[in-house]
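**Q** Listed here are the chains, written in short residue letters.
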Amino acid sequence: MNSTNHQVVIAGTVGRLVPGEVQSATFPRAPLGRRGLDEDHVRAFLKQIELDLTQILNERAGLADEVARLRRHVAASSGGELPREDAHIQAVRILAQAQQTADAYVADAERYSRELAGEARRHRQEILADANSRAELILQEAHEKAAIAAGDAARSVPAGPPGTPGDRGDMEREIAYLRTYSDVYRRHLRAYLEALLRNVDEWEQSERRPAPNLPAHPPLPG
Amino acid sequence: MDAQRLKDNFAQVAQQGDAVALFFYADLFVRDPSLRDMFPIGMAAQRDKLLNALGHIVSQVDRLPELVPFLQQLGRDHRKFGIEAEHYPKVGASLLATLRYYSGTSWTDQLAEDWGAAYGLAAKVMLEAAEENAQDQPAWWNGKIIAVDRRRFDIAVLRVFPDRPVPYKPGQSVAMEVQGRPRLWRYYSMANAPRPDNTMDFHVRLVDGGPVSTMLVRGVEIGDRVRMGPPVGTLTLDEESGRDILLAAGSTGLAPLKAILEQVARRAEPPRVHLFFGARTRDSLYDLEDLGKLAAGRPWLTVVPAVSDEHVTDVEYGTLSDVVARYGPWTDHDAYLCGPPAMVTHTAERLVHLGLHRDRIRLETFVDRGDR
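Chain order of the listed sequences is A and B.
Read left to right, the first sequence gives residues 1494 to 1715 (this note's numbering).
Read left to right, the second sequence gives residues 1043 to 1414 (this note's numbering).
In short, the hints are calculated from the structure, not lab data.
One thing to keep in mind: the hints can contain errors.
[Unchecked claim] Short, incomplete list of chain B residues facing chain A, as computed with Cβ under 8 Å:
#, residue
1, Ala-1068
2, Asp-1069
3, Ile-1083
4, Asp-1250
5, Pro-1253
[To be verified] Using C-beta positions, here's what the derived DEER-type ranges look like:
#, chain 1, residue 1, chain 2, residue 2, range
6, A, Glu-1619, B, Ala-1053, 34 to 40 Å
7, B, Pro-1075, A, Glu-1559, 37 to 43 Å
8, A, Leu-1689, B, Gly-1370, 43 to 49 Å
Virtual Cβ for every residue (Gly too), placed ideally from N, Cα, C.
Please construct the entire structure, taking both the sequences and the accompanying hints into account.
**A** Written out as C-alpha cells, the structure reads:
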C-alpha cells in the first residue's frame, strides 16, 4: 500500500486505532483500467488485524486489573503487618516487659531472703538472751538451796572448841553448801545438755530434708 | 557538636527515668541476643549505673580534662565484664535509638549527628584506655577458694589463690564475682599484705538479702572459683609519713587495715600503731584471736577491742569514736578508718574535733566499696 492510494477513510476521531475502525475502514476503488487489489483479500487481512487488536486490548485490560489487584493486596498486607522499624520497637517492648518481670522476681527473692535472715537474727538473739537469764537463775537457785543445806549442816553439828582454825561446823557447812550447789548445778546442766541434744537432732533431721528449690536428689514420688 | 543541645536533649529524655535504660538494654539485646549473657538476671542496679554514668558524661561533655579520666577508668573497668571493641558500635546504635525514641518530635538530624559524634569520641577514649591497660594487665584474675573459716554465723574469712599474682597495695580492694552468682560483682578488701605465695584473704560479712555476700559466707566451699577485677582504692599507707599510726575498724572494715598493719610490721623500725576494732557485741569481734597473736611480741602495737551494745569484762565499752577519743590525743598521728558509713563518719568528725588535721585521715566505708 503505497502512499498514493492511501486515502483510507477511518470513521471516528484521529487517535489510537480501535478494532471497530479496522472493520469499518473503506478504501477508494482503483481507477478503471488500473489494476487494483483483490478487495476480498484486503477485507480478510483487515479482519485478521481487528481480531488481533481486540485480543491485545483485552489482554491489556486484564493486565491492568491484575496490577490493581496486586496493588490492593500489597496495601492490604502492609496494613496488617508492621513495617520493619515498628516490629523492632515491638520486640524491644516485649523484652523490656520480660525484664521488668524478671526484676520483680529477683527483688521478691531478695526481700524474702532479707526477711528470713532478719528473723533468724532476732531468733538467735532471743535464744542467747533466754540462755543467759536461765543460767543466772540456775546459779541463783543453786546458791539458795546450798545456803539452806549449809545452815542445816551447821545446826546439826555441835560447835568445836572456840578459836580452832579448822572449825568443824564451818567445814561441814562449807561441804554441805558445795555439795548441794554442785548437785543443783549438775541437774540443770544435764537437763540443758539434753535439751541441746534434742535441738541438734531436730536440726539434723530438718537438714536431711532437701530444700524445695535445691533438691539434692530428684524427689521420690509419694 | 553543640554541648548545650546535647545536655538539653538528655535532660528531656532523662525525665522518663528507668524506662530509658530499660529500653536501651532491650534494644541492645534485640540487636544482638548474645550480649544478654554478659549481664545479670536482675537488671535494676545495672540500669541505675547506666543512667548515672550517662548523666555524668553528658554533664561533663564540654569539660574534656575532667571527662577523659572518667571515661578511661570506665573503659578499663569494663574489661572484666568481657567487653571488647566489637561491642562498642552496638551500644552506640542502641543509645541513639533510645535517645531518638524518647525525644519524639524534638529529634533532629542535627541531634543524631551530635550524639553520634559524642558517643564516637567517648567510645574511642574508653577503648584506647582499655587497650592500653590490656598490655600489662589481664581483664580479670581467676581465683580458687582454698580455705573457708566461718567465724560467726554471718562472718567468714576466705582465702583465695589467684591464677597469677594480683599486684595490689595493702588497703586496696577488688571487685569479685563468685561461682553460683554469675555477673554480680562486689568489692572486697584484701586483708593481708601481699604474700610470697600470692594468696589473698577476704573478710566477708553477710548482708541480709545480699545475693553475693550470702553465697560467700554460707554457700562457698573449698575449690569454688571466683573472678577478680584489678585492685582499686586509695585507703593505702602514706609511706612518706614518719608519724605514728591510728587504725580504727568497724566489723569487717578491719580487712584493709589489717593489711596495712602487716605492711607496717615488715618495716625494720615500725612506728607506734594503735588498732581499734569495734563492733556491737563481743562475738562480732571475729578476728580478736589473730590480732592478739599479731600484737604478741610487738611492743609498738596496741590492739584495743571495743563493743557498743553490751558490757563485757575483757573489752572496752562504747562506740568506736568514744573509745578512740578516750585513748587520745591523736594530733600527731595518721589515721586510717574503715567500716559502716555512720561509724566512719562519726569517728572522722571526732578526730577532726580533737585536733587531727583532715588531710591526716584516710577513710573508706562499705558503701564506697559496692552495695553488697
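**Q** Let me make sure I understand: some of the numbered hints might not hold for this structure. Which ones are they, in numerical order?
**A** Of the numbered hints, just 6 does not hold.
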